[in-house]
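Protein sequence lines, in the order shown, are assigned to chains A and B. Mind the numbering: the first sequence is residues 1 to 301 in the UniProt record's numbering, read in order. Mind the numbering: the second sequence is residues 1 to 301 in the UniProt record's numbering, read in order.
Don't take each hint at face value.
Unchecked claim - Some, not all, of what chain B presents toward chain A, calculated at C-beta under 10 Å:
1) L12
2) I53
3) L111
4) G214
5) V218
6) P220
7) W223
Claimed, not checked - Incomplete in silico selection of chain A near chain B, CB under 10 Å:
8) I53
9) P194
10) G239
Read the hints as simulated data drawn from the structure, not as lab findings. Cβ coordinates follow ideal geometry from the N, Cα and C atoms, glycine included.
Protein chains: 2
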Amino acid sequence: MIDYPAARAVALVVQTGSFEKAAAALNVTPSAVSQRVKQLEERLGAVLVERGIPCTATEKGEWLCRHMDHVSLLERELTAHLPGLVDPTAPVPRVTLAIAANADSLGTWFLAAAAAFTQGCDHLLNIVIDDQDHTADWLRRGRVLAAVTSLEKPIQGCRVTALGALRYHATASPDFMARHFPGGVTADALAQAPALTFNQKDRLQHDWIRRTLGRDIVLPTHWLPSTQGFVDGALAGMGWGMNPAQLVRGHLEAGRLVELVPGAILDVPLFWQVSRLAADQLADLSRRVVATAKRELVPPP
Amino acid sequence: MIDYPAARAVALVVQTGSFEKAAAALNVTPSAVSQRVKQLEERLGAVLVERGIPCTATEKGEWLCRHMDHVSLLERELTAHLPGLVDPTAPVPRVTLAIAANADSLGTWFLAAAAAFTQGCDHLLNIVIDDQDHTADWLRRGRVLAAVTSLEKPIQGCRVTALGALRYHATASPDFMARHFPGGVTADALAQAPALTFNQKDRLQHDWIRRTLGRDIVLPTHWLPSTQGFVDGALAGMGWGMNPAQLVRGHLEAGRLVELVPGAILDVPLFWQVSRLAADQLADLSRRVVATAKRELVPPP
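Excised from the complex, chain A in its bound form:
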């Protein structure tokens, strides 16, 4: 059996960033918290908390924290049926639900659904951002309970719902187009014109080129891991990049941005995968995610 008081101490140190604050939340002394954490670390033979300002979880510590989040969620459900289980005078710990979304979904439609969900309950959300091709890994490793992902195939132990597709336009400023594509968007020009790439996981620019020109091109690129930064960078003439339709519609209409190849869109189908363990507790979130996606995304290609 896991030493739950010690595990809760680890989770609180990580959540609050310090042993002192965790102690205040538990209403014990900092040295009591320190002792609980240390004992658990000695039993495991592994460091769980990286001492620093703030204190953070090691990789093993992260696993324990996620476990504690999931256990809290299950406890909540249980105590609704067996209220006698808990001391009615003790404060009920708030549940933090870890979910993963891609940055472009968060920057366009996802947050509206998440915010609406938080207003209907007192759960807290830990929103993890990763590439749509990689959020499924977070779910697979049990680090999150649900994810917006490009993966259609259900992850083991998960339910999947199709959300529609996020539409992208390859965009740049008119000035950038004049400077780098005076003779049109050719393979030679693309091999010279700086692109914007979110990070190493971002294949959207390459996917668009392959679909539009039918071949691969090694792109010179700026690295800019920010959804809004992509739009701002394109507006400022820094590079061209794939931007979600929602964020560039106004700029395209006003002529501040133009499409590299008019009408050459890229639609990225997205799916909502939820751990079966948490599907009931996340039913309201799932409903809101699906409804918002239906309004904001396009039908899948």
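Based on these hints, arrange chain B on the given structure of chain A.
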């Protein structure tokens, strides 16, 4: 002596994400690239490239890639003085400069300076985002050549310039205020009302509370690692958080957001630190960063 052709192959595999694309860029066969990378890995006794889709750098591989970026930058300067050194018919490799900035600077003022710099030269930028208290670490470890940081003390081997301060307002929606702070922004109410926290490194909400109420409070919080997400989350009534003045000015004027405590601002002083090794090559970027900061930031407190 480092095996530079092999090191360059590693850098290109990481940059393009695949052995095939690196081979195309080097005009050799993929198996030649694979052999160069493997030989270097064997000599080092360490994996440099994580084979996958895309191929990415391991931590040791990252070090090598940064080294290659820095060497390219120095080569550029040298060949300006000794043009005979390089084969005039070979394409000149583009230089990628790694620089670090905090997300809120990127989301408000920094990108304008970066974009202006890229238009005056053909260098590419690799913009790394981290908390303003942690960007200095990237510089210290030689992973970037320059950084926007809250650290005033010069890092070894770096020049430092004061930029001014980024002003923050503690903001929430009027609806959120009515729901969570009907009796005012008290310590008890703050211990119940969900805050927004960027990530574990983000101490701004705590700093603001300490300065405003003179004490520490353990905050229930949503985790939301996105500058624009913070504004959107506040607007949607998800939580309260510290938002840069530039991003909420319009919302405050229109009453879509309100300050938790009117006039209780938090100014975060920022500094530009540049590696002396690259100070000359980055002189134009430094000039633009300082000029933009002067326009957009407030005088330090």
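Checklist entry - Any CB of chain A closer than 10 Å to the CB of W223/B? => result Holds, because the Cβ-Cβ distance from W223/B to chain A comes to roughly 4 Å (cut-off 10 Å).
Checklist entry - Would the hint on P220/B stand, with a C-beta cut-off of 10 Å toward chain A? => result holds, 5 Å
Next on the checklist: Is the interface hint satisfied for P194/A? The criterion is a beta-carbon contact with chain B at less than 10 Å.
Outcome noted: holds, 6 Å
Item to check | Hint validity - I53/A Cβ closer than 10 Å to any chain B Cβ | outcome: holds, 8 Å
Checklist entry - Regarding the hint that G214/B lies at the interface with chain A, is the smallest CB-CB distance below 10 Å? => result violated, 16 Å
Next on the checklist: Holds or violated: the hint that L111/B contacts chain A, with Cβ atoms closer than 10 Å.
Outcome noted: holds, 5 Å
Item to check | Closest C-beta approach of L12/B to chain A relative to 10 Å, hint status | outcome: This interface hint holds because 8 Å falls under the 10 Å limit.
Item to check | Given hint V218/B near chain A, where the shortest CB pair must fall under 10 Å | outcome: Check passed: Cβ of V218/B comes within 5 Å of chain A, closer than 10 Å.
Checklist entry - Going by Cβ atoms only, is G239/A closer than 10 Å to chain B? => result This hint holds: G239/A lies near chain B, its Cβ roughly 8 Å from the closest one there, short of 10 Å.
Item to check | Hint check, I53/B versus chain A [nearest Cβ-Cβ separation less than 10 Å] | outcome: holds, 8 Å
In summary, the one numbered hint that this structure violates is 4.
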